[in-house]
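Sequence order for the protein chains is A and B. FYI, our numbering numbers position 16 of the first sequence as 16, with every residue one higher than the one before it. FYI, our numbering numbers position 63 of the second sequence as 63, with every residue one higher than the one before it.
Some hints here could point you the wrong way.
[Stated by the list, open to error] Derived DSS-like pairs: lysine-lysine, alpha-carbon spacing no greater than 27 Å straight-line:
id, chain 1, residue 1, chain 2, residue 2
1, B, K154, B, K138
2, A, K37, B, K4
3, A, K195, B, K27
4, B, K45, B, K76
5, A, K195, B, K43
6, B, K43, B, K129
7, B, K53, A, K195
8, B, K53, B, K27
9, A, K37, B, K5
These are calculated hints, taken from the structure and not from any lab test. All figures in this text were calculated on a predicted structure; none of them were measured in a lab.
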Amino acid sequence: MESLINLGSRTLGKASALGRAFLMLMGAIVARPQPLKNTPLVINQIYVVGVQSLLIILVSGLFIGMVMGLQGYTILVSYGAEGSLGPMVALSLLRELGPVVTALLFAGRAGSALTAEIGLMKATEQLSSLEMMAVDPLRRIVAPRFWAGMISMPLLAIIFSAVGILGGHLVGVDWLGVDSGTYWSVMQATVDFDKDIMNGVIKSILFAMVCTWIAIFKGYDAIPTSEGISKATTQTVVYSSLAVLGLDFVLTALMFGIE
Amino acid sequence: MTSKKVELMVGVFVAIAIAALLLLALKVANQGMSTQGETYELKAKFDNIGGLKVRSAVRVGGVTIGRVESIELDPKDFVPIVTLAISSEYNEFPDTSSVSILTSGLLGEQYVGFYPGFVMYDSEPAYLKNGDYIEDTKSALVLEDLIGQFLFSKGKD
Numbered sequence: 001m002e003s004l005i006n007l008g009s010r011t012l013g014k015a016s017a018l019g020r021a022f023l024m025l026m027g028a029i030v031a032r033p034q035p036l037k038n039t040p041l042v043i044n045q046i047y048v049v050g051v052q053s054l055l056i057i058l059v060s061g062l063f064i065g066m067v068m069g070l071q072g073y074t075i076l077v078s079y080g081a082e083g084s085l086g087p088m089v090a091l092s093l094l095r096e097l098g099p100v101v102t103a104l105l106f107a108g109r110a111g112s113a114l115t116a117e118i119g120l121m122k123a124t125e126q127l128s129s130l131e132m133m134a135v136d137p138l139r140r141i142v143a144p145r146f147w148a149g150m151i152s153m154p155l156l157a158i159i160f161s162a163v164g165i166l167g168g169h170l171v172g173v174d175w176l177g178v179d180s181g182t183y184w185s186v187m188q189a190t191v192d193f194d195k196d197i198m199n200g201v202i203k204s205i206l207f208a209m210v211c212t213w214i215a216i217f218k219g220y221d222a223i224p225t226s227e228g229i230s231k232a233t234t235q236t237v238v239y240s241s242l243a244v245l246g247l248d249f250v251l252t253a254l255m256f257g258i259e
Numbered sequence: 001m002t003s004k005k006v007e008l009m010v011g012v013f014v015a016i017a018i019a020a021l022l023l024l025a026l027k028v029a030n031q032g033m034s035t036q037g038e039t040y041e042l043k044a045k046f047d048n049i050g051g052l053k054v055r056s057a058v059r060v061g062g063v064t065i066g067r068v069e070s071i072e073l074d075p076k077d078f079v080p081i082v083t084l085a086i087s088s089e090y091n092e093f094p095d096t097s098s099v100s101i102l103t104s105g106l107l108g109e110q111y112v113g114f115y116p117g118f119v120m121y122d123s124e125p126a127y128l129k130n131g132d133y134i135e136d137t138k139s140a141l142v143l144e145d146l147i148g149q150f151l152f153s154k155g156k157d
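Let's have the full structure, built from the sequences with the hints guiding it.
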């Protein structure tokens with residue numbers, strides 16, 4: 001009996017949290033657009049969320065590409081198929097690793113920062129003060145951060161894939177001696193712009209929405225104490241990562257599954 | 001609120017992303033080369049197309065001149081019809097040309113090898129036009145058939 005009550009209250013809690021998250025998102029993005037007033041805010045947030053994540057994306061993209069070049073080469077060379085290194089690196093980066101690893105890094109680097117920032121604003125009653133001044137915090141604080149995440153993450157994912165492919169080239173061609181022409185031409189024969197690159201971009205747009213939404217909501221809904229904010233920040237990273245990995249399987253099955 | 005430095009950095013960020021997308025589109029997917037330009041269609045019937053796929057290359061002596069546009073089964077003869085989209089740059093192939101399905105390397109992908117025929121100078125040269133069928137075709141080599149033939153010929157010895 002006790003456990004049933006427990007289960008019921010947890011389910012109700014989750015459902016109402018989902019409802020609040022949805023209302024928050026609607027309040028933030030369904031509003032009369034004010035490009036003149038809001039664009040500078042969004043640009044500022046793109047700087048915080050996107051530009052400052054650039055370094056970690058570049059470095060990890062380069063190293064993941066290099067590792068894939070190295071591992072792929074050692075396996076492919078035993079079949080005499082090292083010419084297929086290019087498409088192997090390119091397809092795995094464009095379809096999976098680019099969007100997914102970018103989303104995971106984004107959740108850790110930018111998502112947690114968003115949660116902590118908004119949570120602290122709530123704890124120090126800055127959000128309430130904005131409301132006192134008749135400024136809607138959803139539009140002033142939440143909406144620019146949401147759009148900044150939506151814009152930044154696909155761009156970061158594209159940069160990640162491109163740098164990774166160059167990293168694979170660095171190891172495969174310059175170091176291990178795969179022919180440079182083979183690397184690019186077999187890749188070009190295999191990779192399709194709409195099917196591979198655009199599907200990767202669509203994936204990263206959806207991941208951007210999920211990650212940013214979770215990060216913002218966890219901050220906005222945090223219990224305004226130091227403990228509450230620390231818990232919300234942890235939950236942001238955990239929930240975003242799980243959501244991205246789960247969603248990735250569904251999207252892969254839809255995009256690249258049986259046709 | 002938004003300082004010039006922040007705007008500059010965001011501009012640089014977006015520019016890097018556009019450069020990366022261009023790199024992916026042009027260098028990785030070769031979007032500019034493969035689908036651009038006028039093409040015309042040729043058709044060919046094969047007995048067996050093996051692992052040929054839509055978008056596989058059509059090559060003359062190793063040079064890619066087109067791609068496989070579509071693959072379908074003839075509803076009457078039950079043989080595959082392969083439609084080839086050939087770049088209009090190369091529109092003077094004699095109608096005695098032949099095509100065969102080849103494999104690049106031991107484990108590589110399959111492509112259509114195109115062998116231009118000879119032009120008879122004493123008669124009016126006839127070229128392949130849009131929608132023509134290439135009569136002379138050689139099917140893909142199926143490994144199982146090959147092994148079967150080998151075992152059969154061994155058995156007769």
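>> Which constraints among the numbered hints does this structure fail? Numbers only, ascending.
In response: none
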